[in-house]
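*Asks:* Using the sequences and the accompanying hints, generate a full structural model.
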Amino acid sequence: MAEQEAACAPHSGLSPAPAKAAGRVRGVSRWSRAWRKFKRNKLAMAGATVAIFLTIVAIFAPWIAPYPYSESHWDHAWEPPSWKFPFGTDELGRDMLSRQIWALRNALIIALMAEVVTFVVGSAIGATAGYFGGKIDNFLMRFTDIMFAFPSLLFNIVLVAALGRGLLVIFIAIGVTRWTGLARLVRGQVLALKQMEYVLAARASGATGWDIILRYLLPNAAGPIIVTLALGIPANMMVESALSLIGMGVAPPMPSWGALIATYQNAVLSYPHLLLFPAATFAITLLSFTYLGDGLSEALDPKD
Amino acid sequence: MLRSIGNRLGFIVLSLVVISALTFLLMQLAPGNFLELNVIMRPEALAGDTARIREVEAAFKARYGLDKPLWQQYLTWLKGAVVFKFGPSFKYPTSNTEELIAQGFPVSASLALAATAVAILVGLPMGIIAALRPNSWIDYLITFISMIGVVIPNYVVAVFLILLFSLWLKLLPTAGWGEWYHWIMPVLALCLAPLTSIVRYMRTSLIDTLRQDYIRTAWAKGGTERQVIFGHALRNSLIPLITVLGPQLGYLMVYSVLVERFFLVPGLGAYFASAALERDYPMLVASVTFFAAVIMVINLLVDITYRFLDPRIRYEG
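Chains as they are written, first to last, in numbering that gives the first Met the number 0: chain A, 0 to 303; chain B, 0 to 316.
These are computed hints drawn from the structure, not numbers from a lab.
Ideal Cβ positions, reconstructed from N, Cα and C, are used throughout, including at glycine.
Where hints are given, some of them may not hold.
Said to hold, decoys possible - Computed, partial: chain A to chain B, Cβ under 8 angstroms:
#1 Leu152
#2 Ala160
#3 Leu166
#4 Pro233
#5 Met237
#6 Ala241
#7 Gly246
#8 Ala278
#9 Ala282
#10 Ile283
Claimed, not checked - If you want the footprint, here are the derived chain B segments under chain A, 3+ residues with CB under 8 angstroms:
#11 12-19
#12 148-162
#13 265-275
#14 290-301
*Replies:* Shown next as structure tokens:
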């Protein structure tokens, strides 16, 4: 009903209101239905709670962390957990809890920024290929296939080796190696949606290619895109820490889970807390974000 | 069928050319080269003697053909790559990179194969049990365990394995290579990812098969649980399993980079990681291309085998 109204409204660049209103009318029921479904899923709710808590900790890391991440307490080096240092200290007497809070902050920043890159590159390529079709589609999808064949972890390592290990390089490197899945998904969605009557109506009333993609196609494909992006966050965190595990992550003294795990591998017998806590906090972080993503994918599943 | 295999091979070759050219190009952008990092910067080596430095640089460039234009370097490399000759490594000037690959790859490959074997031996029964009692506590337990393989990366699993076997049980050394017991922790850390796919696949596939008519017929004819499951249901679930396992094998080899680094295993992954750290570009380009080739060839072989085993599937495209 609302769709038809939007479709009948004459299209002009000045008044996008009808299209927007249509989206909102349909949107409210779709999103609230998804939210109701999400609330029933206990695992997803638990994941979301922990993930939100971790995100708050990451945002306020400079104020929450008990010590600066690189502050040395020389008289407390290699200490096991205590009230003063809940996760113990490392060889320079740095507080491991503070270092892990900063590692979380880094991982989250990189994962989110990489998702932005993934979203921009993936949906641009996928939507262009799906909407314009023909030779453009053929070329872009062949390119996507080739990039898909490039083992992404290796490509990441090569990119970081070539461009340096700054924060910017790392998240762009992760983003540009992980867009292929999203590009295929968006292309499929666009191919299906562009047959819809409201798209035809928009075109008939004079909307051009990019207008249609941005205003009609992408918003209606939002569900699966959100799911892919949400599940990409823990995946990106894994890549970030894998890079720093082999010594190609953010530069020290900035902490990263991968670097913490790699550094204390050979200290495990004498100082197990240096390995146990980073591995455990990283595992909990990954689990919470994955359950959140899985819950979203179930809640937004259009099948039921 | 032959024609479509030809198409696939053509695509593989095209991908490898693009991948290697891209890697080659990226290496030119890199800040700081191997020579600067490892020879000139070392004060005791040349002691700031500019004339000597230039001499060494010229000799180095001539040896690796770096004085030629970029496209010529790449074409020379490509010509060698066709016959599996990738030229000398920077880090080990006396060995060619293909020799290093030949040393490291068997280690990585056998680790990946061993992990896959363990995953099959453990994962198949787990998947079957979960499918036979869906939504029971044992199903939930198995699903939870198999979740770990996707969510927790292998090097974090490796940390818990070290804590368990080296610290608490005092059974295994924390790292090393050469003895049989050095295999235990890397294989266990690697096997969780394929284990997860096997369990998930077996569970869904078997639950689906058990609903089919021919299974009802088998029950109706008075078959025991064992006869129905092992004689009738499993057979049809097992063939598609290779499409699950094949791609896993390739990724295991790549992701063993991390496990090898963690447990100090001298596999191709470890060579690759140190090449990236030390800017050993010939080694980097060679191993990236090699890994990509291995993954794509495995996937092609899996597809071909699958189509031989299941004649219902037509080869198209």
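*Asks:* Tell me if the interface restraint on A/Leu152 is satisfied: Cβ within less than 8 angstroms of some Cβ in chain B.
*Replies:* With a closest approach of 6 angstroms, the A/Leu152 hint holds.
*Asks:* Hey, does the A/Ala282 contact hint survive, CB to chain B under 8 angstroms?
*Replies:* 5 angstroms, holds
*Asks:* Per the CB criterion, is A/Met237 less than 8 angstroms away from chain B?
*Replies:* 5 angstroms, holds
*Asks:* When the nearest CB of chain B is found for A/Ala278, is that gap smaller than 8 angstroms?
*Replies:* 4 angstroms, holds
*Asks:* With a cut-off of 8 angstroms, does the beta carbon of A/Pro233 approach a beta carbon of chain B closely enough for the hint to hold?
*Replies:* Holds - the Cβ of A/Pro233 comes within 8 angstroms of chain B, reaching about 7 angstroms at its closest.
*Asks:* Verify the coverage statement for the region 290-301 of chain B against chain A, using a C-beta to C-beta distance below 8 angstroms and requiring 3 or more qualifying residues.
*Replies:* holds (count 4)
*Asks:* Hint validation: A/Gly246 versus chain B, beta carbon distance must be below 8 angstroms. Holds or violated?
*Replies:* The hint holds - A/Gly246 has a Cβ within 8 angstroms of chain B, the shortest such distance being about 5 angstroms.
*Asks:* Is the listed coverage of the region 148-162 of chain B by chain A valid when you require three or more residues with a beta carbon under 8 angstroms from a beta carbon of that chain?
*Replies:* With 10 residues closer than 8 angstroms to chain A, the region 148-162 of chain B meets the three-residue bar; holds.
*Asks:* Let me know if the C-beta of A/Ala160 comes in closer than 8 angstroms to any C-beta of chain B, holds or violated.
*Replies:* 4 angstroms, holds
*Asks:* Taking the closest Cβ pair, is A/Leu166 under 8 angstroms from chain B?
*Replies:* Because about 16 angstroms separates A/Leu166 from the closest Cβ in chain B, which is outside the 8 angstroms limit, the hint is violated.
*Asks:* Classify the hint on A/Ala241 as holds or violated, based on whether any CB of chain B lies nearer than 8 angstroms to its CB.
*Replies:* 6 angstroms, holds
*Asks:* Hold the hint about A/Ile283 up to the distance rule: shortest CB distance to chain B must be less than 8 angstroms.
*Replies:* 10 angstroms, violated
Hints 3, 10, counting from the list given before, are not met by this structure.
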